[in-house]
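As they're listed, the protein sequences go chains D and P.
Straight run, no breaks: the first sequence in the numbering used here ends on number 132.
Straight run, no breaks: the second sequence in the numbering used here ends on number 428.
Relax, there's no trap hidden among the hints.
Taking lysine-lysine and the BS3-like style, the derived pairs with C-alpha atoms no more than 27 Å apart in a straight line are:
no., chain 1, residue 1, chain 2, residue 2
1, D, 117, P, 235
2, P, 119, P, 16
3, P, 367, D, 101
4, P, 225, D, 117
Simulated from the structure, these hints should not be mistaken for lab results.
Being a predicted model, the structure only gives us computed values, none of them experimental.
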Amino acid sequence: MNEKSIIIADDDEDDVELFKSLALEFCPELQINAVENGNELMRLLELTPVPNIIILDLNMPYKSGKECLLEIRARKKFDDVKVIILSTSDHIDDMNYCMYKKADNYFVKPSSIEGLKKIIAFICDEKSVNYS
Amino acid sequence: MEKDKNVNGLAKAEIKILVVDDREDNLFSIETILEKNNYSIVKANSGRSALKVLLQQQDFTLILMDVQMPDMNGFETAALIYQRDKLRHIPIIFITAHDYGEENIFKGYETGGVDYIYKPINPDLLRYKVSVFADLYRKNHQLILQESILKAVNLKLQKEIEERTQVQEKIVLLNRQLMDNNAILKTANEELDRFAFVASHDLQEPLRKIRIFSDRVLTLFEASKYDEVQFNLDKIILSSKRMQQLIDDLLSYSRHTNDNTGFEETDFNIIIKEVISDLDHEIQKRSARIKASQLPTTWAIPTQIRQLFQNIISNALKFGKLDHSPQIEIDYDVVSGAEIAGSNEMNKEERFYRIYCRDNGIGFDEKYAEDIFMVFKRLHSYNEFEGTGIGLSICKKIVERHGGFIHVKSRINEGSTFTITLPQKQLN
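With the hints as extra help, turn the sequences into a complete structure.
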């Protein structure tokens with residue numbers, strides 16, 4: 001099993017903790033780093049090796065998920081990184097915008113453990129790195 | 001019949017002819033000639049009796065006047081008739097046996113006569129001439145009738161125009177009211193939009209937490225992992241509390257929309273004292289120092305002003321630096337409307353109190369200076385700082401209700417200064 005490195009950017013501690021604990025249970029190969037806003041995410045991306053997957057909340061203080069998405073997609077360095085949006089927003093405009101700006105997937109934050117498990121399973125199965 | 005031919009009965013004009021002749025047989029023959037035409041004929045056998053008739057009746061279409069009469073001849077009679085204004089419009093045809101010669105004929109025309117008929121009378125000619133005048137009279141009569149109708153219509157039109165002008169003025173007024181109401185509605189709508197957004201996001205958020213942690217508790221029970229249940233139940237309780245706080249704050253925010261009574265002379269010094277005593281516990285805990293200078297007394301709603309300072313001061317306490325005890329300073333100055341950016345032309349002359357509330361807290365990036373007054377807009381996640389993001393939007397609402405403005409200047413790590421500008425005297 002390949003290890004996959006993930007950065008999750010979300011200002012909601014509960015969501016991050018839930019994600020982490022379920023990931024640990026159902027997809028132990030995920031290496032998870034968490035940041036609580038967009039600024040920290042961009043800083044971390046400069047300092048660490050390029051991750052396989054970035055999970056972005058949209059509504060974050062200082063720098064929103066959308067701003068992060070634009071910055072990430074503007075950098076060649078991050079071409080192979082999967083960007084997955086995980087937001088409370090179920091607004092079609094937000095979804096269209098993110099997919100148009102080349103997010104790889106968009107999930108609305110679920111209200112059940114089952115829902116969250118499915119998302120983790122999806123991320124777990126996501127073929128990582130390079131298919132160039 | 002001739003009469004019935006008149007258009008729509010508009011000119012139900014009776015043709016009345018006065019025949020003046022001193023000879024009974026002449027009168028009779030003229031009457032006979034004209035009899036068929038249904039004219040109403042009045043006879044007079046002298047100039048004097050003609051004048052007498054004309055004293056009582058003036059509505060003649062035509063006068064047929066013999067020229068040679070004893071006492072007063074036709075011309076003299078005509079001259080007397082035409083002295084009277086009311087009779088001047090009645091045409092006179094002179095009837096004469098002799099050719100008087102140009103001079104006399106001219107005399108007739110000069111007195112106002114219009115035509116001559118010579119004796120012996122040619123009946124066709126007489127009938128023809130009379131009918132010309134009868135037609136003329138009828139047409140005239142019709143014209144007069146139509147004119148009076150036109151006048152009536154005109155009057156009606158004028159009235160309508162007047163009414164319309166009044167209505168238009170009313171419309172302009174109503175339009176202005178409508179525009180005012182529209183502006184109010186627009187603001188209310190924007191607020192509603194914001195509320196809908198809040199309901200769909202901020203209120204959903206703790207609910208989603210309650211659901212997912214309850215779900216978690218269920219799975220933990222199934223897996224018999226009882227030690228983690230407590231942790232997840234705590235999360236559920238926390239989310240419920242948060243939900244309750246959100247609903248309470250939302251209610252208090254919307255209550256401020258409707259409450260517009262209770263303005264009175266309000267001493268801000270007393271208000272600040274009350275707020276400080278209310279926040280005593282928090283102030284002790286943070287070892288904060290609040291220095292309030294002498295503040296003004298002005299026309300305001302005391303409960304709202306109390307809430308305003310309560311929110312701002314507790315905000316300053318909440319966002320104090322961890323390693324410094326909070327220092328809060330409150331003072332004021334007086335400025336004119338002209339010195340305030342964004343005030344409109346009308347209150348350039350007005351005097352304003354400007355109350356400053358400075359803190360030495362963590363501050364924030366000034367590009368968010370507008371955002372922090374919006375409902376539910378938070379610069380920090382609620383994990384970092386508790387609160388719902390409604391406090392400052394209530395402050396803004398209160399200040400605007402008092403006809404004032406609220407601004408903030410801030411620098412990260414250096415603190416914030418809230419400036420509350422209130423008019424010295426409240427316009428009703």
